[in-house]
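If you're matching them up, the sequences are chains S and F in order.
Our numbering puts the first residue of the first sequence at 7, with every later residue one more than the last.
Our numbering puts the first residue of the second sequence at 296, with every later residue one more than the last.
Hints are computed from structural coordinates only; laboratory data are not their basis.
Any given hint could turn out to be false.
[Claimed, not checked] Among the chain F residues that face chain S by a calculated CB cut under 10 Å, a handful are:
#  : residue
1  : 421
2  : 476
3  : 489
4  : 502
5  : 590
6  : 591
7  : 594
8  : 677
9  : 679
10 : 752
11 : 824
12 : 826
[As the list claims (entries may be wrong)] Using 30 Å as the maximum straight-line C-alpha spacing, the simulated BS3-like pairs for lysine-lysine come out as follows:
#  : chain 1 : residue 1 : chain 2 : residue 2
13 : S       : 80        : F       : 656
14 : F       : 450       : F       : 744
15 : F       : 656       : F       : 645
16 : S       : 112       : S       : 78
17 : F       : 772       : F       : 744
18 : S       : 78        : F       : 656
Glycine residues also receive a C-beta, built at the ideal position from the N, C-alpha and C atoms.
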Amino acid sequence: MTGLQFAAPVDTTPAVPTVPLQDTVLLPERIGELTGLDGFGLGGELLATFIAAFIVGNLMLAMTGVAGPWAKRKITAAFTDRIAVNRLGPAGLFIILADSVRLLSKELVIPENADRPAYDLAPIVVAGSALLGFAVIPMGSGIHLADPEVGLAYVFAVSGIASLGLVMAGYSSANKYSMLGGLRAVAQNIAYEIPLVITGMSVVIFAGTLQLGEIVAAQHETLVEIAGISIPTWYAFVNPFAFVLFLVANFAEVGRNPFDTPEAPTEIVAGYQTEYSSVYFVLIYLGEFLHIFLGGAIIATIFLGGPAGPGPAALGIVWFIIKIWGVFFATQWLRSAVPRVRIDQLIEIGWKGLLVLSFANLVLTAVIVGLIA
Amino acid sequence: MSTGLERQPAVEVTEDELEAIVGDRALARDDHLNAPGFVIRPDDVQDVLKDLRDEAGFDHLANLTAQEYPDRYESIYHLRKYADPTQEVSVVVPTTTDEPVSQTAEPVFRTADWHEREAFDLVGIDYEGHPDPRRILLPETWQGHPLSRDYDQEKPQLVTLTEHANPIQPDHHDDESDTMFLNIGPHHPATHGVLHIETVLDGETVVDVDPDIGYLHRCEEQMCQQGTYRHQIMPYPDRWDYVSAGLLNEWAYARVAEDLADIDVPEYAQVIRTMGAELSRIASHMLALATFALDVYGDFTAIFQYGMRDREVVQDILEDLTGQRLMFNYFRLGGVAWDLPEPREEFIEKTRDFLDGLPAKVDEYNDLLTANEIFQIRTHDTGILEPEVAKQYGCTGPVARGSGIDYDLRRDDPYGYYDNLEWDVVTEDGCDNYSRVLVRMQEVEESAKIIEQCLDLLEDWPEDERTVQSNVPRTLKPDADTEIYRAVEGAKGELGIYIRADGTDKPGRFKIRSPCFHNLSALPEMAEGEYIPDMIASLGSLDIVLGEVDR
Numbered sequence: 007m008t009g010l011q012f013a014a015p016v017d018t019t020p021a022v023p024t025v026p027l028q029d030t031v032l033l034p035e036r037i038g039e040l041t042g043l044d045g046f047g048l049g050g051e052l053l054a055t056f057i058a059a060f061i062v063g064n065l066m067l068a069m070t071g072v073a074g075p076w077a078k079r080k081i082t083a084a085f086t087d088r089i090a091v092n093r094l095g096p097a098g099l100f101i102i103l104a105d106s107v108r109l110l111s112k113e114l115v116i117p118e119n120a121d122r123p124a125y126d127l128a129p130i131v132v133a134g135s136a137l138l139g140f141a142v143i144p145m146g147s148g149i150h151l152a153d154p155e156v157g158l159a160y161v162f163a164v165s166g167i168a169s170l171g172l173v174m175a176g177y178s179s180a181n182k183y184s185m186l187g188g189l190r191a192v193a194q195n196i197a198y199e200i201p202l203v204i205t206g207m208s209v210v211i212f213a214g215t216l217q218l219g220e221i222v223a224a225q226h227e228t229l230v231e232i233a234g235i236s237i238p239t240w241y242a243f244v245n246p247f248a249f250v251l252f253l254v255a256n257f258a259e260v261g262r263n264p265f266d267t268p269e270a271p272t273e274i275v276a277g278y279q280t281e282y283s284s285v286y287f288v289l290i291y292l293g294e295f296l297h298i299f300l301g302g303a304i305i306a307t308i309f310l311g312g313p314a315g316p317g318p319a320a321l322g323i324v325w326f327i328i329k330i331w332g333v334f335f336a337t338q339w340l341r342s343a344v345p346r347v348r349i350d351q352l353i354e355i356g357w358k359g360l361l362v363l364s365f366a367n368l369v370l371t372a373v374i375v376g377l378i379a
Numbered sequence: 296m297s298t299g300l301e302r303q304p305a306v307e308v309t310e311d312e313l314e315a316i317v318g319d320r321a322l323a324r325d326d327h328l329n330a331p332g333f334v335i336r337p338d339d340v341q342d343v344l345k346d347l348r349d350e351a352g353f354d355h356l357a358n359l360t361a362q363e364y365p366d367r368y369e370s371i372y373h374l375r376k377y378a379d380p381t382q383e384v385s386v387v388v389p390t391t392t393d394e395p396v397s398q399t400a401e402p403v404f405r406t407a408d409w410h411e412r413e414a415f416d417l418v419g420i421d422y423e424g425h426p427d428p429r430r431i432l433l434p435e436t437w438q439g440h441p442l443s444r445d446y447d448q449e450k451p452q453l454v455t456l457t458e459h460a461n462p463i464q465p466d467h468h469d470d471e472s473d474t475m476f477l478n479i480g481p482h483h484p485a486t487h488g489v490l491h492i493e494t495v496l497d498g499e500t501v502v503d504v505d506p507d508i509g510y511l512h513r514c515e516e517q518m519c520q521q522g523t524y525r526h527q528i529m530p531y532p533d534r535w536d537y538v539s540a541g542l543l544n545e546w547a548y549a550r551v552a553e554d555l556a557d558i559d560v561p562e563y564a565q566v567i568r569t570m571g572a573e574l575s576r577i578a579s580h581m582l583a584l585a586t587f588a589l590d591v592y593g594d595f596t597a598i599f600q601y602g603m604r605d606r607e608v609v610q611d612i613l614e615d616l617t618g619q620r621l622m623f624n625y626f627r628l629g630g631v632a633w634d635l636p637e638p639r640e641e642f643i644e645k646t647r648d649f650l651d652g653l654p655a656k657v658d659e660y661n662d663l664l665t666a667n668e669i670f671q672i673r674t675h676d677t678g679i680l681e682p683e684v685a686k687q688y689g690c691t692g693p694v695a696r697g698s699g700i701d702y703d704l705r706r707d708d709p710y711g712y713y714d715n716l717e718w719d720v721v722t723e724d725g726c727d728n729y730s731r732v733l734v735r736m737q738e739v740e741e742s743a744k745i746i747e748q749c750l751d752l753l754e755d756w757p758e759d760e761r762t763v764q765s766n767v768p769r770t771l772k773p774d775a776d777t778e779i780y781r782a783v784e785g786a787k788g789e790l791g792i793y794i795r796a797d798g799t800d801k802p803g804r805f806k807i808r809s810p811c812f813h814n815l816s817a818l819p820e821m822a823e824g825e826y827i828p829d830m831i832a833s834l835g836s837l838d839i840v841l842g843e844v845d846r
């Protein structure tokens, strides 16, 4: 591995700034302080952590709640010359309530030959794996649950668990379409997880750390200044090639168009989620949106400067959410405009195209960083 | 437009030559209004058809009609030439009532496979040597043959699930070959209606395809046999290909009935018919493009919605013209129901506006669809249908023209006002899904040209010569035992009707030749060995409407 030889001097590179991070105080600690829970030892700490996780989790779930029943419809409608939901509330926003009631009140039909408890666990695994990922994402405005040194590796690891959930769903449903969908999902995730991680590594070479807080901090410098507007050292600007690679691999990883083969409604009905109804369906659907948002969060963090943006640092979370929604918007744009590739073509693009390109990118980055250092 | 494939002029075969070819095997002559007919023995079928195909060039088995007379069963093979469909010949094969066994024609024309299954299913003729003698439209456990004379309609049909092939049967897993049996449909997002495709998969590869049809069988032929020629049959054709191709279907009946009863149509009505039919074709092709995009794109994408949006405009124009959105019932024997809506100028203006905006829309489609790189890698070289194979299956319409077969009844067997207008037949010789899309896309433009010219004619037509209907007797009773087969170029291909008059005011036998039926039967040729997504794309590119397949 040529990349690793060049990676060694990175640790001492002066390119990494030593400015204090804006999230030096993590959210659980701050809550502990504010509520006085930190005085109660381990129990208090745990409670504070739980409250913090509750806030972040609900923030993400609320976002998917807006995205699923409302934003997705509105965005697609805008692309296809339609109006979409507009009857309930301003701009049809209350459809979110109506849809939640509708989805929750549906009958839960469980196939006779379903392999339980795998069938019941799959939706939780899918949704849960995405939620876990948000634990280490620095969202700005002090919303940051934990900042372990292996943050980036952790994010990739937990979002990878989703594949397990998809296989469980596909295999345990006792339906051939689900089976095909589950198999496609695994084939696809394996093919695209590697380019995704490799491309992520090129950022690590730049930043010299896996810690997400540090990676964000490393993007605060000014790259160039054009007509008074300073372009920050966001890795999307520093290495646009890696950014595009990561974006593509990410769309495949979360199974969005043009890589939505695991669901492929016109071919295999709904893939691994064919047999899911009611709350289970909601969980899987939710999980998919969470994964889109997690993908967006990773992209925002390692390529778009995390919560960085104009204005006071307190606005960090706003910028961060805007960036996540930007990625979500891109998925919907592609959904409206790009045909789906065939499964064999998808695998081919993954193994023969993206993998090679991502390694090339890694080597190139290592050489450049090595030379500068 | 045309692709280097030059049309080979068909060699004219005179009746004497035909007689020489059939020779002693002809027991008698049984001429139809449209073609000379030869009566042959049931065990000569393959020989005669083969000689007619190879020596006289009748390479298109357009239709097979089966019917029961009081003293015999009869199968009629309607043959024509792809190179010149005005050359026709009928081969009549009578069999006894006691033992209705006839030799199969399947080895000569592959399309006879499905046709003979239908003849067995509905009429009750057995075809000896048929590779797959199952029912095709009705359930396997059906008792009796509904179009035979002694069929008892009152008798309840006991079709239990245990007896019937269970459409959701658990598994056909074959331990040795390691393949998977998969039911696609009857309820599946991509089957365009209620089609059931029994597939055998080897991983993602389709090994075997067997379309199972009949879920939408509505006894259309029987219903037409119970209606009077004059008014009662015309509403039914709208319901065959029900996705806005109604006027094209109505024309199929109008043409055959007018030729049967010798009815003239005023020129003015022919122009209106031509315009209406082409509007229908545009609407139908728009839907075909939109749903094909849906099959390949996999979601309700922009291109699908654009297709529907533009089709809606055509639908509005047709509604202005006929008073209906889908079930037009606008044609009458001897003309059309009424003149253009008043104020005429407004209608013509509206239609012109649509035509003027069309090129921009077609460009938009091309940008989104045919120029899209992913779309191209998805559709190029998939669903290959070689011209020889297409002819074997009797494929017509955009499917045949996408395989380079230059066959369009509007030009080759002219009717209506097409002969007097300037337009081209579009062919592409890629033989793949992409070519079929290109053909439809260009046909929309050709149809627009036709409509444009019709509008010019209609605008300048002298006010006192605007006759929309000729004088047609209140009751039509064509002579007994006149038989005729006539076809028009429907949205999906050659839409033909065979009628045998029995001396009453209702047809004795009414047989519909559905283009979708033929096109769908070629699906296994296109899909086997491909991936599942390509099979779905091939199915979409055939543009079938189950209402017309099952009738």
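Hint-by-hint comparison with the structure:
Hint status for residue 421 (chain F) relative to chain S: violated, with the closest Cβ pair at about 36 Å, above 10 Å. About 8 Å separates the beta-carbon of residue 476 (chain F) from the nearest beta-carbon of chain S, less than 10 Å, and the hint is met. Interface restraint check for residue 489 (chain F): the shortest CB-CB distance to chain S comes to about 15 Å, outside 10 Å, so the restraint is violated. Annotation: residue 502 (chain F) was flagged as interfacial toward chain S, and the flag is violated, the nearest CB pair being 14 Å apart, outside 10 Å.
Among the interface hints, the one on residue 590 (chain F) holds; its C-beta lies about 5 Å from the nearest C-beta in chain S, closer than the 10 Å criterion. The interface hint given for residue 591 (chain F) holds, since its Cβ lies 5 Å from the closest Cβ of chain S, which is under the 10 Å cut-off. The criterion of a C-beta within 10 Å of any C-beta in chain S is met by residue 594 (chain F), whose closest approach is roughly 6 Å, and the hint holds. Because the closest C-beta pair between residue 677 (chain F) and chain S is about 9 Å apart, less than 10 Å, the hint holds.
Look at residue 679 (chain F): its Cβ only gets to about 15 Å from chain S, farther than 10 Å, so that hint breaks. The interface hint given for residue 752 (chain F) is violated, since its Cβ lies 34 Å from the closest Cβ of chain S, which is over the 10 Å cut-off. This hint is violated: residue 824 (chain F) has a C-beta 13 Å from the nearest C-beta of chain S, more than the 10 Å allowed. Below 10 Å, beta-carbon pairs count as interface contacts, and residue 826 (chain F) has one with chain S at about 6 Å; its hint therefore holds.
For the proposed pair residue 80 (chain S) and residue 656 (chain F), the alpha carbon gap of about 24 Å is at most 30 Å, so the pair holds. Distance hint between residue 450 (chain F) and residue 744 (chain F) is unfulfilled; the C-alpha atoms sit about 54 Å from each other, more than 30 Å. Between residue 656 (chain F) and residue 645 (chain F) the alpha-carbon distance is near 16 Å, which keeps this suggested pair within the 30 Å criterion. Between residue 112 (chain S) and residue 78 (chain S) the alpha-carbon distance is near 21 Å, which keeps this suggested pair within the 30 Å criterion.
Restraint check: the Cα-Cα separation between residue 772 (chain F) and residue 744 (chain F) comes to about 39 Å, which exceeds 30 Å; the hinted pair is violated. Taken as a hint, the residue 78 (chain S) and residue 656 (chain F) pair is honoured in the structure, with Cα atoms around 26 Å apart against an allowance of 30 Å.
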